[in-house]
Amino acid sequence: MKLTGAEIFIECLKAEKVDTIFGYPGGAVLFLYDELYKAEERGEIRHILARHEQGAVHGAEGYAKSTDKPGVCIVTSGPGATNAVTGIADAYMDSVPLVVISGQVPRSLIGNDSFQEIDIVGITRPCVKHNFLVTRIEDIAPTIRKAFHIATSGRPGPVVVDIPKDLTSGAEKIKFKYPKELTMRSYQPTVKGNKKQIKSALEMIAKAKKPVLYAGGGVVSSKASKELTELGQAFNFPVTTTLMGLGVYPATDKQFIGMLGMHGTFEANRTMHYSDLIIAVGARFDDRVTGDLNKFSPYAKVIHIDIDPASISKNVKAHNPIVGDVKEVLQALFGMMKEQNFTPDKSAYDAWWKEINEWQAVNCLHYDQDDSHIKAQFVVEKLSEITGGDAYVASDVGQHQMWAAQYYKFNQPNRWINSGGLGTMGFGLPAAMGIQLAHPDETVACITGDGSIQMCIQELGTCSQYRLPLNIINLNNGYLGMVRQWQEFFYEERYAMTYNQSLPDFVKLAEAYGHVGLRIEKPADVEGALKEAISDTKNLYFLDFVTEPQGNVYPMIPAQYGHNEMYLNKEDALNDPKLKK
Amino acid sequence: MTKMKDNSKNSGINNRERHIISVLMENETGALSRVSGLFSQRGYNIESLTVAPTDDETLSRMTLVTTTTGGDASVEQIVKQLNKLIDVVKVMELSHYPHIEREIMFVKVAAPNMEVCASIKRIADIFRARVIDLKNKMYTLEVTGSPDKLDGFLETLTDNQVIEVVRSGAMGITRGNNSLRV
Ligand SMILES: Cc1ncc(C[n+]2csc(CCOP(=O)(O)OP(=O)(O)O)c2C)c(N)n1
Numbered sequence: 011m012k013l014t015g016a017e018i019f020i021e022c023l024k025a026e027k028v029d030t031i032f033g034y035p036g037g038a039v040l041f042l043y044d045e046l047y048k049a050e051e052r053g054e055i056r057h058i059l060a061r062h063e064q065g066a067v068h069g070a071e072g073y074a075k076s077t078d079k080p081g082v083c084i085v086t087s088g089p090g091a092t093n094a095v096t097g098i099a100d101a102y103m104d105s106v107p108l109v110v111i112s113g114q115v116p117r118s119l120i121g122n123d124s125f126q127e128i129d130i131v132g133i134t135r136p137c138v139k140h141n142f143l144v145t146r147i148e149d150i151a152p153t154i155r156k157a158f159h160i161a162t163s164g165r166p167g168p169v170v171v172d173i174p175k176d177l178t179s180g181a182e183k184i185k186f187k188y189p190k191e192l193t194m195r196s197y198q199p200t201v202k203g204n205k206k207q208i209k210s211a212l213e214m215i216a217k218a219k220k221p222v223l224y225a226g227g228g229v230v231s232s233k234a235s236k237e238l239t240e241l242g243q244a245f246n247f248p249v250t251t252t253l254m255g256l257g258v259y260p261a262t263d264k265q266f267i268g269m270l271g272m273h274g275t276f277e278a279n280r281t282m283h284y285s286d287l288i289i290a291v292g293a294r295f296d297d298r299v300t301g302d303l304n305k306f307s308p309y310a311k312v313i314h315i316d317i318d319p320a321s322i323s324k325n326v327k328a329h330n331p332i333v334g335d336v337k338e339v340l341q342a343l344f345g346m347m348k349e350q351n352f353t354p355d356k357s358a359y360d361a362w363w364k365e366i367n368e369w370q371a372v373n374c375l376h377y378d379q380d381d382s383h384i385k386a387q388f389v390v391e392k393l394s395e396i397t398g399g400d401a402y403v404a405s406d407v408g409q410h411q412m413w414a415a416q417y418y419k420f421n422q423p424n425r426w427i428n429s430g431g432l433g434t435m436g437f438g439l440p441a442a443m444g445i446q447l448a449h450p451d452e453t454v455a456c457i458t459g460d461g462s463i464q465m466c467i468q469e470l471g472t473c474s475q476y477r478l479p480l481n482i483i484n485l486n487n488g489y490l491g492m493v494r495q496w497q498e499f500f501y502e503e504r505y506a507m508t509y510n511q512s513l514p515d516f517v518k519l520a521e522a523y524g525h526v527g528l529r530i531e532k533p534a535d536v537e538g539a540l541k542e543a544i545s546d547t548k549n550l551y552f553l554d555f556v557t558e559p560q561g562n563v564y565p566m567i568p569a570q571y572g573h574n575e576m577y578l579n580k581e582d583a584l585n586d587p588k589l590k591k
Numbered sequence: 034m035t036k037m038k039d040n041s042k043n044s045g046i047n048n049r050e051r052h053i054i055s056v057l058m059e060n061e062t063g064a065l066s067r068v069s070g071l072f073s074q075r076g077y078n079i080e081s082l083t084v085a086p087t088d089d090e091t092l093s094r095m096t097l098v099t100t101t102t103g104g105d106a107s108v109e110q111i112v113k114q115l116n117k118l119i120d121v122v123k124v125m126e127l128s129h130y131p132h133i134e135r136e137i138m139f140v141k142v143a144a145p146n147m148e149v150c151a152s153i154k155r156i157a158d159i160f161r162a163r164v165i166d167l168k169n170k171m172y173t174l175e176v177t178g179s180p181d182k183l184d185g186f187l188e189t190l191t192d193n194q195v196i197e198v199v200r201s202g203a204m205g206i207t208r209g210n211n212s213l214r215v
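Chains A and B, in that order, are what the protein sequence lines are. Note that the working numbering has the first sequence beginning at 11, numbered continuously upward. Note that the working numbering has the second sequence beginning at 34, numbered continuously upward.
These are calculated hints, taken from the structure and not from any lab test. Quick reminder that beta carbons are idealized off the backbone N, C-alpha and C, glycines included. Do not take every clue at face value.
[To be verified] Below, simulated PhoX-like cross-link-like pairs (lysine-lysine); rule was C-alpha separation at most 25 Å, straight line: (1) Lys-79(A) with Lys-209(A); (2) Lys-12(A) with Lys-185(A); (3) Lys-79(A) with Lys-190(A); (4) Lys-154(B) with Lys-311(A); (5) Lys-202(A) with Lys-113(B); (6) Lys-79(A) with Lys-117(B); (7) Lys-12(A) with Lys-24(A); (8) Lys-202(A) with Lys-170(B); (9) Lys-327(A) with Lys-170(B); (10) Lys-233(A) with Lys-117(B); (11) Lys-123(B) with Lys-205(A); (12) Lys-24(A) with Lys-156(A); (13) Lys-327(A) with Lys-154(B); (14) Lys-205(A) with Lys-117(B); (15) Lys-113(B) with Lys-205(A); (16) Lys-123(B) with Lys-156(A); (17) Lys-154(B) with Lys-206(A); (18) Lys-209(A) with Lys-233(A); (19) Lys-170(B) with Lys-154(B); (20) Lys-168(B) with Lys-202(A); (21) Lys-117(B) with Lys-206(A); (22) Lys-156(A) with Lys-113(B); (23) Lys-356(A) with Lys-327(A); (24) Lys-123(B) with Lys-327(A); (25) Lys-209(A) with Lys-219(A); (26) Lys-170(B) with Lys-156(A).
[Stated by the list, open to error] Across the chosen pairs, the derived CB separations fall in these ranges: (27) Gly-104(B) with Leu-59(A): 47 to 57 Å; (28) Glu-349(A) with Gly-76(B): 23 to 33 Å; (29) Asp-88(B) with Pro-308(A): 31 to 41 Å; (30) Glu-61(B) with Asp-123(A): 38 to 48 Å; (31) Glu-61(B) with Leu-40(A): 27 to 37 Å; (32) Pro-308(A) with Ser-81(B): 34 to 44 Å; (33) His-129(B) with His-159(A): 28 to 38 Å; (34) Gly-104(B) with Lys-217(A): 49 to 59 Å; (35) Lys-217(A) with Asp-181(B): 16 to 26 Å; (36) Pro-136(A) with Pro-131(B): 33 to 43 Å.
[Stated by the list, open to error] Here are a few chain B residues that face chain A, going by a calculated C-beta distance under 8 Å: (37) Ser-55; (38) Glu-59; (39) Asn-60; (40) Gln-74.
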């Protein structure tokens, strides 16, 4: 039987076992939508209609990040495609496996400045893992096959497939065959680590006196949380993670010393600074992690395990680079330990732990909750307690994101879903939506701020349509808090455009969309509100917490400072000689 | 521990290094812009670039010359990023191996009288350039050689009225072993 391009598209999705696709219709994808309609009737694929293409892409990201499946999106040509760009760039920066199908004007109109024509392949080139413009109906299936393969293998990332409308119209039909085997001579990610390098890693570990295990989002992508935890525990290493890595090592374990970097814990950053061996696993020494490279970990040798060779020795030179899939490399390392009868001496780092314990005693995340203003930290801590650290937590970008990262105790990977690399305000709500769609019976919270929530607030409509009982935790300080904090420290308290005037009545807004809205103003009401929202598994709760207006995130390492130059509180900032005019 | 060098654009203007990179890539639309995008994104200038299909027409070979100020680390990073491109099959920094480099150039010069003609021919002989066209009292010369030699040739011609210059950009190949092939 011969199929139209649009029918082929559906068959490809089925072959890839896609059950959910996020999108927004338009002229160039009408034929594809017509087939999606039929596929939905047949119960094969569910289409989730977002309210903006950015929401559709973030939704697919949330879906992908909380499962082991790629996210799939469909958008129309022109504005549909350009609206998707922020989401695509976000997925690129955070290595999220994503396949985005965009409609294109018919081939005969390409290049004519036709209605809703845009060169989306050109626009997205620098922010995709790869992209394709399909020019023949025969290429639809092989291209989609490649797109899924590229998106999900190696270091994952977004792939855009641009399909001209006339290829899907039915004017031309061909026999459908989904390619089984796929060999791409130009794309063969290295999965297995080099044995010699792994062996020398063991030797380096045996010599170290002050090691630290530094894990990132690559451990999540590689599903290697179990192996990483085993490694940490076998050696009694102190373990720190990046913002993207939270949850790969249980936060409540005593060896976990917290997140590192700009808003990381005092102990994590000191441990990095004074360590003599950094074992970096699926992490990339991002500038928010390292601060000033010239001051970064002056005494340390570096073992760097990552699937992306371009991430190794990019910012910090690796003395022992190991290219490979984190899970494979760690398993190979355990195998080698067995062969060599290598038993780690768990007390080898007692002196090191003593130093670390002293840094821990500083208790850098301590705060005081009085009974007037709600502290954002308090809300997150209560949420963590009530959900036992097991909820899915999506976050937006700003102070609330850092507080979520600091005070929610993630015990499992894939639970903390945020925009780390691009730092996209507006990510939280649609991402939470995607998570809830993937896990209908789980508790999903979206920690957001009064600025961020407004960037994709329209998705409240999607949540009503699909009855997603999210728990939106709006830490409403009335400011674009994170930017205000920088203005306070570095711009002499000139709060340019960071006071959020004319905020809507969020309770009424939630209600307008058919949700439950609550405004919480007193610390004493925090716990009750959270419990009410979480226990109601039918309704979306919009919890508008009125929090301390000018609270700051501590600890903080200002950009381009060293790990041993932290502000623990406002006094440190005020006394910073570098800031004195 | 060793730190990566500061590769900000204005550091060490004076120690510009020339790198010649060969790339084997899928002969696909857009492959070229993916490569050039990596350079433009970082503010690196591509001094010259030649590209054409190879004996295997599904493969294109590119020779790219760039000067950077960021030292080896920034070129190493570029080479890794090139390798990461899905369309790129293999990358080699030719400058790391014994190699041969050639460039072809056409120069159109005014030849108003016999005296000038003779002088141009003399220079051409020295550089093994050939006169390949003569029209409207203008000579077109063709010369092949290393980019340095071509620079030298142009310099010697400065006394003449040079009307037009076309250079192909360098292409390169390694000597003996270490070949760049699939
Ligand atoms: C799309 C986008 N625009 C601008 C920024 C810059 N930015 C980073 S944090 C922030 C403030 C966020 O404010 P809010 O959501 O209220 O959170 P808070 O920091 O107050 O917790 C801004 C404007 C950004 N990250 N993303």
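These are the hints, each one checked on the structure:
no.	hint	in the structure
1	Lys-79(A) with Lys-209(A)	33 Å, violated
2	Lys-12(A) with Lys-185(A)	4 Å, holds
3	Lys-79(A) with Lys-190(A)	19 Å, holds
4	Lys-154(B) with Lys-311(A)	63 Å, violated
5	Lys-202(A) with Lys-113(B)	18 Å, holds
6	Lys-79(A) with Lys-117(B)	23 Å, holds
7	Lys-12(A) with Lys-24(A)	17 Å, holds
8	Lys-202(A) with Lys-170(B)	66 Å, violated
9	Lys-327(A) with Lys-170(B)	60 Å, violated
10	Lys-233(A) with Lys-117(B)	22 Å, holds
11	Lys-123(B) with Lys-205(A)	24 Å, holds
12	Lys-24(A) with Lys-156(A)	15 Å, holds
13	Lys-327(A) with Lys-154(B)	55 Å, violated
14	Lys-205(A) with Lys-117(B)	23 Å, holds
15	Lys-113(B) with Lys-205(A)	21 Å, holds
16	Lys-123(B) with Lys-156(A)	19 Å, holds
17	Lys-154(B) with Lys-206(A)	62 Å, violated
18	Lys-209(A) with Lys-233(A)	23 Å, holds
19	Lys-170(B) with Lys-154(B)	14 Å, holds
20	Lys-168(B) with Lys-202(A)	64 Å, violated
21	Lys-117(B) with Lys-206(A)	24 Å, holds
22	Lys-156(A) with Lys-113(B)	22 Å, holds
23	Lys-356(A) with Lys-327(A)	28 Å, violated
24	Lys-123(B) with Lys-327(A)	24 Å, holds
25	Lys-209(A) with Lys-219(A)	18 Å, holds
26	Lys-170(B) with Lys-156(A)	57 Å, violated
27	Gly-104(B) with Leu-59(A): 47 to 57 Å	51 Å, holds
28	Glu-349(A) with Gly-76(B): 23 to 33 Å	48 Å, violated
29	Asp-88(B) with Pro-308(A): 31 to 41 Å	52 Å, violated
30	Glu-61(B) with Asp-123(A): 38 to 48 Å	25 Å, violated
31	Glu-61(B) with Leu-40(A): 27 to 37 Å	29 Å, holds
32	Pro-308(A) with Ser-81(B): 34 to 44 Å	41 Å, holds
33	His-129(B) with His-159(A): 28 to 38 Å	32 Å, holds
34	Gly-104(B) with Lys-217(A): 49 to 59 Å	30 Å, violated
35	Lys-217(A) with Asp-181(B): 16 to 26 Å	49 Å, violated
36	Pro-136(A) with Pro-131(B): 33 to 43 Å	35 Å, holds
37	Ser-55	15 Å, violated
38	Glu-59	6 Å, holds
39	Asn-60	11 Å, violated
40	Gln-74	6 Å, holds
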